[in-house]
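S.K.: Please model the entire structure based on the sequences and the hints provided.
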Amino acid sequence: MNDLESLISRTQRQHFRDGTTELMIGGILLGGGLALGFSPQPLFAGFTMIVIILGVSWLYERLKFRLVYPRSGFVTLRDQTGPRRLVQILIGFALGLAIVGGFLYFLLNGANNAIAWITPMMGIVIGLVLLAQSLWLKTYRLIVHGLLSVVTGIIFSPFVLGEQQTAGYIGLSLMSVYFFTLGLAFLVSGGLTLRSFVRQNPVQAETSHAQ
Amino acid sequence: MPSDFRSLADVDRIIHEPARATIAAILYAVESADFLYLQRETGLTKGNLSAHLSKLEEAGYVAIEKTYRLKIPLTLCRMTDAGRKAFEDYRQRLKQFVETI
Chain P
-3 MNDLESLISR
7 TQRQHFRDGT
17 TELMIGGILL
27 GGGLALGFSP
37 QPLFAGFTMI
47 VIILGVSWLY
57 ERLKFRLVYP
67 RSGFVTLRDQ
77 TGPRRLVQIL
87 IGFALGLAIV
97 GGFLYFLLNG
107 ANNAIAWITP
117 MMGIVIGLVL
127 LAQSLWLKTY
137 RLIVHGLLSV
147 VTGIIFSPFV
157 LGEQQTAGYI
167 GLSLMSVYFF
177 TLGLAFLVSG
187 GLTLRSFVRQ
197 NPVQAETSHA
207 Q
Chain W
1008 MPSDFRSLAD
1018 VDRIIHEPAR
1028 ATIAAILYAV
1038 ESADFLYLQR
1048 ETGLTKGNLS
1058 AHLSKLEEAG
1068 YVAIEKTYRL
1078 KIPLTLCRMT
1088 DAGRKAFEDY
1098 RQRLKQFVET
1108 I
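Chains as they are written, first to last, in my numbering: chain P, -3 to 207; chain W, 1008 to 1108.
Derived from the structure by calculation, the hints contain no laboratory data. Among the hints, a few may not be true.
Said to hold, decoys possible - Below, in silico cross-link-like pairs of lysine to any residue (SDA-like), each with a Cα-Cα straight-line distance of 25 Å or less:
hint, chain 1, residue 1, chain 2, residue 2
1, P, Lys134, P, Arg74
2, W, Lys1092, W, Gln1046
3, W, Lys1062, P, Gly69
4, P, Lys60, W, Thr1049
5, P, Lys134, P, Leu86
6, W, Lys1073, P, Tyr56
7, W, Lys1102, P, Gly51
8, P, Lys60, P, Pro198
9, W, Lys1053, P, Ala181
10, P, Lys134, W, Ser1039
11, W, Lys1078, P, Ala181
12, P, Lys60, P, Ala181
13, W, Lys1073, P, Trp54
14, W, Lys1062, P, Leu86
15, W, Lys1053, P, Gly51
16, W, Lys1078, P, Val199
17, W, Lys1073, W, Thr1049
18, P, Lys60, W, Lys1092
19, W, Lys1073, W, Ser1057
As the list claims (entries may be wrong) - Rough simulated footprint, nothing fancy, chain P against chain W, three-plus residues with beta-carbon under 8 Å:
hint, region
20, 1073 to 1079
21, 1086 to 1098
Said to hold, decoys possible - Derived contacts from chain W toward chain P, CB cut-off under 10 Å, selection only:
hint, residue
22, Leu1015
23, Ala1036
24, Val1037
25, Phe1104
26, Ile1108
Positions of the beta carbon are idealized from the N, C-alpha and C atoms, including for glycine.
M.R.: Dropping the structure here:
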């Protein structure tokens, strides 16, 4: 019966097999980085982000239907239930608690500091989540993204140490650089994976179910 | 014949066929899948897959829907509640049998 478990896991890996999910994540992160870095107002950056997310999701669906599904077939996953779902909820809750707790801790020690510390904290937490996902889904190239995120978070930490007056400005700049760097990494790996997927999987001539 | 062995004799014959069991296992794991996905995962020919899907559909275990997404035709297969229950029962019986030998 372990075959069924491996089948479920293999189906979930489909999302990363063709590289389109990485392209979507990369597009959103890169767009977010640019919006944060070049927007004159945080509100404008927020609005730009919504437009970017909608645009990238629209492109993602078209990419899937034009390039991926004619090669791999179309599949939708079931919502997970049982112990695995419970573990996911607990991990999500623990991560959320850690982020909110950490943020509140820094907020109580100065608002600017809190903004500045978001990026290093985010880098480390997202990096650890990516590392866990890479092992869970056996998609080992995500290890590179996870390590990049953790390393970026650690590298950025010294920049925010002891910067009380300018910490808020530094925090937003670091966040922009972090999103841009990680987004670029996702786009490159997603693009290469998609190219390799398209080359290795020719389109099937006839796919209809003749009854 | 011991009752545990007899329980194997009572397994669902619709599912207890290697190709159909594979199709059922795949559809049990997903929400829905199209014909091409099933063909790639099972390694069956189009004719074979079509015949087995028809048997599962006749038994009420699988629902087949022809639809369009972004103007692209799709033949979506999904397991019905009855099919899900039958497959769970089949798994249980098989597991019990394997544990007794």
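S.K.: Out of the numbered hints, which ones does the structure contradict?
M.R.: 7, 9, 11, 14, 15, 18, 21, 22, 25, 26
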